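> The residues making up each chain are set out below.
Number of protein chains: 2
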Amino acid sequence: MSQKIFKNAIIGQSGGPSAAINATLSGIIRGLNADSRVEKIYGMLNGISGVIDDRIIEIGSRFKGEDDYRLLECTPSSGLGTCRVKLPDVSDETFYEKIFAVLDKYEIGYFLLIGGNDSMDTVDKLSAYAKAHEKATVVVGVSKTIDNDLILADHTPGYGSAAKYIGTVCSEIAGDCAVYTTKAVTIVEIMGRDAGWLTLASGLGRLSGMPCPDLIYLPEVVFDYDSFLESVKKELEKKPNVVVAVSEGVKTADGKYAGEGCQTGAVDIFGHKYLAGVAKALEQYVKEKIGCKVRAVELNLPQRCAGHCLSATDIRESVELGKSAARAALDGKNCCFAIITRLPGAEYKTGTDTVPVHLVANKVKAVPREYITEDGSNVTDEALRYVAPLTEGEVEIPYKFGAPQRFTF
Amino acid sequence: MSQKIFKNAIIGQSGGPSAAINATLSGIIRGLNADSRVEKIYGMLNGISGVIDDRIIEIGSRFKGEDDYRLLECTPSSGLGTCRVKLPDVSDETFYEKIFAVLDKYEIGYFLLIGGNDSMDTVDKLSAYAKAHEKATVVVGVSKTIDNDLILADHTPGYGSAAKYIGTVCSEIAGDCAVYTTKAVTIVEIMGRDAGWLTLASGLGRLSGMPCPDLIYLPEVVFDYDSFLESVKKELEKKPNVVVAVSEGVKTADGKYAGEGCQTGAVDIFGHKYLAGVAKALEQYVKEKIGCKVRAVELNLPQRCAGHCLSATDIRESVELGKSAARAALDGKNCCFAIITRLPGAEYKTGTDTVPVHLVANKVKAVPREYITEDGSNVTDEALRYVAPLTEGEVEIPYKFGAPQRFTF
Numbered sequence: 001m002s003q004k005i006f007k008n009a010i011i012g013q014s015g016g017p018s019a020a021i022n023a024t025l026s027g028i029i030r031g032l033n034a035d036s037r038v039e040k041i042y043g044m045l046n047g048i049s050g051v052i053d054d055r056i057i058e059i060g061s062r063f064k065g066e067d068d069y070r071l072l073e074c075t076p077s078s079g080l081g082t083c084r085v086k087l088p089d090v091s092d093e094t095f096y097e098k099i100f101a102v103l104d105k106y107e108i109g110y111f112l113l114i115g116g117n118d119s120m121d122t123v124d125k126l127s128a129y130a131k132a133h134e135k136a137t138v139v140v141g142v143s144k145t146i147d148n149d150l151i152l153a154d155h156t157p158g159y160g161s162a163a164k165y166i167g168t169v170c171s172e173i174a175g176d177c178a179v180y181t182t183k184a185v186t187i188v189e190i191m192g193r194d195a196g197w198l199t200l201a202s203g204l205g206r207l208s209g210m211p212c213p214d215l216i217y218l219p220e221v222v223f224d225y226d227s228f229l230e231s232v233k234k235e236l237e238k239k240p241n242v243v244v245a246v247s248e249g250v251k252t253a254d255g256k257y258a259g260e261g262c263q264t265g266a267v268d269i270f271g272h273k274y275l276a277g278v279a280k281a282l283e284q285y286v287k288e289k290i291g292c293k294v295r296a297v298e299l300n301l302p303q304r305c306a307g308h309c310l311s312a313t314d315i316r317e318s319v320e321l322g323k324s325a326a327r328a329a330l331d332g333k334n335c336c337f338a339i340i341t342r343l344p345g346a347e348y349k350t351g352t353d354t355v356p357v358h359l360v361a362n363k364v365k366a367v368p369r370e371y372i373t374e375d376g377s378n379v380t381d382e383a384l385r386y387v388a389p390l391t392e393g394e395v396e397i398p399y400k401f402g403a404p405q406r407f408t409f
Numbered sequence: 001m002s003q004k005i006f007k008n009a010i011i012g013q014s015g016g017p018s019a020a021i022n023a024t025l026s027g028i029i030r031g032l033n034a035d036s037r038v039e040k041i042y043g044m045l046n047g048i049s050g051v052i053d054d055r056i057i058e059i060g061s062r063f064k065g066e067d068d069y070r071l072l073e074c075t076p077s078s079g080l081g082t083c084r085v086k087l088p089d090v091s092d093e094t095f096y097e098k099i100f101a102v103l104d105k106y107e108i109g110y111f112l113l114i115g116g117n118d119s120m121d122t123v124d125k126l127s128a129y130a131k132a133h134e135k136a137t138v139v140v141g142v143s144k145t146i147d148n149d150l151i152l153a154d155h156t157p158g159y160g161s162a163a164k165y166i167g168t169v170c171s172e173i174a175g176d177c178a179v180y181t182t183k184a185v186t187i188v189e190i191m192g193r194d195a196g197w198l199t200l201a202s203g204l205g206r207l208s209g210m211p212c213p214d215l216i217y218l219p220e221v222v223f224d225y226d227s228f229l230e231s232v233k234k235e236l237e238k239k240p241n242v243v244v245a246v247s248e249g250v251k252t253a254d255g256k257y258a259g260e261g262c263q264t265g266a267v268d269i270f271g272h273k274y275l276a277g278v279a280k281a282l283e284q285y286v287k288e289k290i291g292c293k294v295r296a297v298e299l300n301l302p303q304r305c306a307g308h309c310l311s312a313t314d315i316r317e318s319v320e321l322g323k324s325a326a327r328a329a330l331d332g333k334n335c336c337f338a339i340i341t342r343l344p345g346a347e348y349k350t351g352t353d354t355v356p357v358h359l360v361a362n363k364v365k366a367v368p369r370e371y372i373t374e375d376g377s378n379v380t381d382e383a384l385r386y387v388a389p390l391t392e393g394e395v396e397i398p399y400k401f402g403a404p405q406r407f408t409f
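Top to bottom, those sequences are chains A and B.
Quick note: the first sequence, position 331, residue 331 per the numbering used here, numbers continuous.
Quick note: the second sequence, position 134, residue 134 per the numbering used here, numbers continuous.
Since the hints were derived computationally from the structure, they do not count as laboratory data.
Since we're looking at a predicted model, the values are computed, not measured.
Any given hint could turn out to be false.
Identical copies look the same in the list; a pair holds intra-copy or inter-copy alike.
[Stated by the list, open to error] Straight-line C-alpha distance at most 25 Å; calculated DSS-like pairs for lysine-lysine:
hint, residue 1, residue 2
1, Lys233, Lys7
2, Lys400, Lys349
3, Lys280, Lys256
4, Lys287, Lys183
5, Lys98, Lys256
6, Lys280, Lys233
7, Lys98, Lys365
8, Lys280, Lys293
9, Lys131, Lys293
10, Lys7, Lys293
11, Lys239, Lys289
12, Lys323, Lys251
13, Lys289, Lys349
Go ahead and model the full structure; you've got the sequences and the hints to work with.
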């Protein structure tokens, strides 16, 4: 089998959507379309499920010029659809032979999957199987996750835009809350199951003296109800309106999620608890203990799909990463994973690199302790200076009748 | 007293903040600063409370050039702070004499208050008292409310930007939900206590074939749990992901808010119930009845303070309205209320007008029944075509380190 040379490529998107995952897709298509070794470019619909069920469409010829790429690059959420599927162990030959039979049918020489740490489990298994069984397909993973919790990468595509949306909206909320003289506490719940990267960005306004949350709680520090209450009280002595940002993933000393009382207890396919409601739990707590007006605000889905608040830096880097992943696939780098790196020096400059995918799969990069204040109730300016350059630059998006226009496959 | 001629002006902001209330403030300052009959321009801090407590600052000289006005115009939320204060009956002379004593001290000839239907109660009482007691102060109201529920006006400043944010985010959420193949219902809760204008805007994506909610429920139609469930089931037969937009103010046939079970029962100073949670209530209901994945998303505060998603039309009109209110005050039009009107003709063109404030105070303009489909589960294209022009045009806002920059007094 190893003598066969397949000239077609297939691309998929996996895991949670983001505002930049289509920019990476566009970068890969740009890279593949520009190379004469590639004949057809296919898209798998809904990630690996699309291969399993043979739901595959030709996409390369859809891109006639710069306008098509640009529209895809500012379209949030996985254009090809996504899935949350955990593949069986590589010993399950029946399963994997079925997958490679589909890939062989479409003469796929290059398989690229854009995804986060969970999705890289898929890439890890597929590429290991391809290698062990001398398949004609090079399998490459391309990093993505708004959570920014991939190890080895400086940061991940989609994080910069999510951070910008969170920094922007939290600053606007803090500005909004400041207009009243009534004593009030506003608790903003931010995504990030295991790592506080997204919640950290809520403080971005501080770097330019703009309004921002007074207290910021990340899951990297044990959450203590008593000291939380003390901190809120202390802030209320300074001004009537206190804004708190809290990660959905904060846990108390017993290892339970701080909002556990309000949880459904459901878990997703990777065993992660379905989270909601830490802000609601804290709202009740503050109401009970302080008795002032309290409001819970969940930033919710827009954190990962706010295409109307993109970071130009994030989109540019995501496209570049896609191109570099296409190069890696064409160079036959099976089992590799394309990531963004930060170049040394005072000026913000990034590059791309590839690392073995098994080093990354199923691992989580936490926010370093030195990015969090000693008492655990805020983030440091150094942390904010790490995030700020990732959010730089605005992207003009096309609007029609009050709604942003998007690319559809 | 009527012979006295005071050459100073005072401006205040009242009621809920919006993304355009500072644009109106800027328009008033532009208008007053350009007129030689005005000497000093003051701002009352936190609306009428600022006059009662003598918290008044000079603001006119802060505006040296176009850049200052422009920054204020793209700064969301009441720059001078706001309040929710209900004034006593005009028969309470002690109270009103105290207020006019403060206004006399600052030699206020022109008093302008920007606010919605509740705030116009304040303007109504103050102007009636001023007229009856021959005060030297002209009292003028200037329309504002994201709710768009003021009678006589075609629409209100702040509504266009809020509608744009809601249309944009709902389209993004619908696009995001479409990436999965798992059966799921997403319920988006939108502001609007008594009128469905904001919720209506959730459907804007439809006019350009973009994703948008499949079902839209406004408070103008009685909410029926059974027919809601039937409609959701019917949509689920067509596709796996159903998105529902619902106004926080929808009520069941018994006159109770549909989410009543989840309510706190607290009321604000005007007797309005403090609302939260209709989406949560429907989430529980759909989970119980259908058993699929269900998610509640409350758009919450960003609806009224998303300065990063302004409508250029809204901001332009808000500035023009401010200028026209300044002219009305200078022309001595006591007791008047400045509103936006739509000029006849196929092309979208607006003007400004003044109406007696007592006609507007404490009244609510509902969405007309013909803007809602017969079965009450959606809005018509005609309704969307009413809103769309109000959302046209983008405003470039200054960003620094991931946060929008704002004007501060």
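> Next, verify each hint and record whether it holds.
Outcome of the hint check:
1. Lys233 - Lys7: neither (65 Å within a copy, 45 Å between copies)
2. Lys400 - Lys349: between (35 Å within a copy, 18 Å between copies)
3. Lys280 - Lys256: Intra 16 Å, inter 23 Å, cutoff 25 Å: intra and inter.
4. Lys287 - Lys183: Close inside one copy (12 Å), not across copies (36 Å); limit 25 Å.
5. Lys98 - Lys256: neither (41 Å within a copy, 56 Å between copies)
6. Lys280 - Lys233: within (18 Å within a copy, 29 Å between copies)
7. Lys98 - Lys365: Neither, since 34 Å and 62 Å both go past 25 Å.
8. Lys280 - Lys293: Both ways: Lys280 and Lys293 sit 13 Å apart in one copy and 20 Å across, limit 25 Å.
9. Lys131 - Lys293: Classified as neither: same-chain Cα gap 60 Å, cross-chain 38 Å, threshold 25 Å.
10. Lys7 - Lys293: Cα proximity of Lys7 and Lys293: none, with 63 Å in one copy and 40 Å across.
11. Lys239 - Lys289: within (18 Å within a copy, 46 Å between copies)
12. Lys323 - Lys251: neither (39 Å within a copy, 53 Å between copies)
13. Lys289 - Lys349: neither (48 Å within a copy, 53 Å between copies)
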